[in-house]
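Following the hints, complete the assembly by docking chain B onto the known chain A.
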Amino acid sequence: MGLPVSTKELDRLGDRLRDAPVPSEEDLRLWAMVRPDFLDALQQVQSRMLDRLGPPVTGREKNRETLVDKLRRERDMRLSRVQDVVGARLVRDVALAGQDELVSVIGGLFPEHRVRDRRREPSHGYRAVHIVAKFDGIPVEIQVRTRWQDRWAEAMERLGDCWGRPIRYGGEPADPDRVEHLGLPGLEARTRREWMALLIGLQREVARIEERVGGGSTKVMLEPEGVAVPLDTLLSAFDGFQR
Amino acid sequence: MKHYVVVYERPTTRLLMIREFGGNDWASANALRNSLELEYRLQPETEIVLLWADSVEGLKSTHSRYFVNVVDPDAPASLRVA
Numbered sequence: 001m002g003l004p005v006s007t008k009e010l011d012r013l014g015d016r017l018r019d020a021p022v023p024s025e026e027d028l029r030l031w032a033m034v035r036p037d038f039l040d041a042l043q044q045v046q047s048r049m050l051d052r053l054g055p056p057v058t059g060r061e062k063n064r065e066t067l068v069d070k071l072r073r074e075r076d077m078r079l080s081r082v083q084d085v086v087g088a089r090l091v092r093d094v095a096l097a098g099q100d101e102l103v104s105v106i107g108g109l110f111p112e113h114r115v116r117d118r119r120r121e122p123s124h125g126y127r128a129v130h131i132v133a134k135f136d137g138i139p140v141e142i143q144v145r146t147r148w149q150d151r152w153a154e155a156m157e158r159l160g161d162c163w164g165r166p167i168r169y170g171g172e173p174a175d176p177d178r179v180e181h182l183g184l185p186g187l188e189a190r191t192r193r194e195w196m197a198l199l200i201g202l203q204r205e206v207a208r209i210e211e212r213v214g215g216g217s218t219k220v221m222l223e224p225e226g227v228a229v230p231l232d233t234l235l236s237a238f239d240g241f242q243r
Numbered sequence: 001m002k003h004y005v006v007v008y009e010r011p012t013t014r015l016l017m018i019r020e021f022g023g024n025d026w027a028s029a030n031a032l033r034n035s036l037e038l039e040y041r042l043q044p045e046t047e048i049v050l051l052w053a054d055s056v057e058g059l060k061s062t063h064s065r066y067f068v069n070v071v072d073p074d075a076p077a078s079l080r081v082a
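First to last, the protein sequences are chains A and B.
Here this note's numbering is used: position 205 in the first sequence is 205, and no number is missing along the way.
Here this note's numbering is used: position 10 in the second sequence is 10, and no number is missing along the way.
You may find that some hints are simply not true.
What the hints assert, rightly or not - A few chain A residues facing chain B, derived, Cβ under 7 angstroms:
1. Gly54
2. Thr58
3. Arg158
It should be emphasised that the hints constitute simulated quantities derived from the structure, not laboratory data.
Owing to the predicted nature of the structure, the values given are computational and were not obtained by experimental measurement.
Glycine residues also receive a C-beta, built at the ideal position from the N, C-alpha and C atoms.
In isolation and in its complexed conformation, chain A is listed as follows:
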């Protein structure tokens, strides 16, 4: 790795960040010293993607808390092995075949890369294609999403902010038996656990819509009400839930 600290030092830093209830100022400063090299790699990757695919191609640095969460969740994970310290995201209005084409083009930009197709192996409902490209030995995760996959993922992320991030990894929402209204006419109240199951089930509808090229209905039939709701309206309504 082209980083200013050794792999061993980086892993020790990861251990301390994982184990400390609150990170020390010294460790935050050390992490701040390491990050510019990850960010350089990300900017090179983003720039190459922008040249080939045009905007928007956005980038993000994994924030400290989500990084620490990951190290705590995956106890065997070493900081030097984390593949998504930095990442680029590409969201396009395409069907599955178009997404495959994008993945192929991006793969061609980076000789050293690995593809993980989370459409075939969804992670607790999350679907997308991830490419890990290496730049100067530093990994950069590129998330390639269709508009619908992104819409779903952002709804789940936001719900995780309100009901607890463990729901993104198969955990229960906080206060799972609490009954909530979604705020759409004709829909009955459900428990948070039931809303979670419904949201995860919506990925089947997303997949169905994405298999079609061109138009067609994006309405989802909800049972037991027998009410058809546009998928976008339904996902937007999830943004209305609070803690």
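Chain B in isolation, oriented as in the chain A frame:
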């Protein structure tokens, strides 16, 4: 490519602050992010995030979750419309 520093409060899903820096002003974005991380060190449910995009609209198109509830009075006007 512009740099954006974002302060996002998870439990309330509020975007407390967003600052934009030009492509050549990476050092200022980095310094602000580092100082905010120290400032919010004891508040793990507040995310300090560094993002890159060609425009704030591009950012909103791929990271919409941050922009559902913008309370920063100095945020760009386009972000304050739901």
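Tested hints:
Checking A/Gly54 against chain B: minimum C-beta separation of about 9 angstroms lies over 7 angstroms; hint violated. For A/Thr58, the shortest C-beta to C-beta distance to chain B is roughly 4 angstroms, which falls under 7 angstroms, so the interface hint holds. A least Cβ separation of about 4 angstroms between A/Arg158 and chain B falls short of the 7 angstroms threshold, and the interface hint therefore holds.
In summary, the structure is inconsistent with hint 1 from the numbered list given earlier, while agreeing with all the others.
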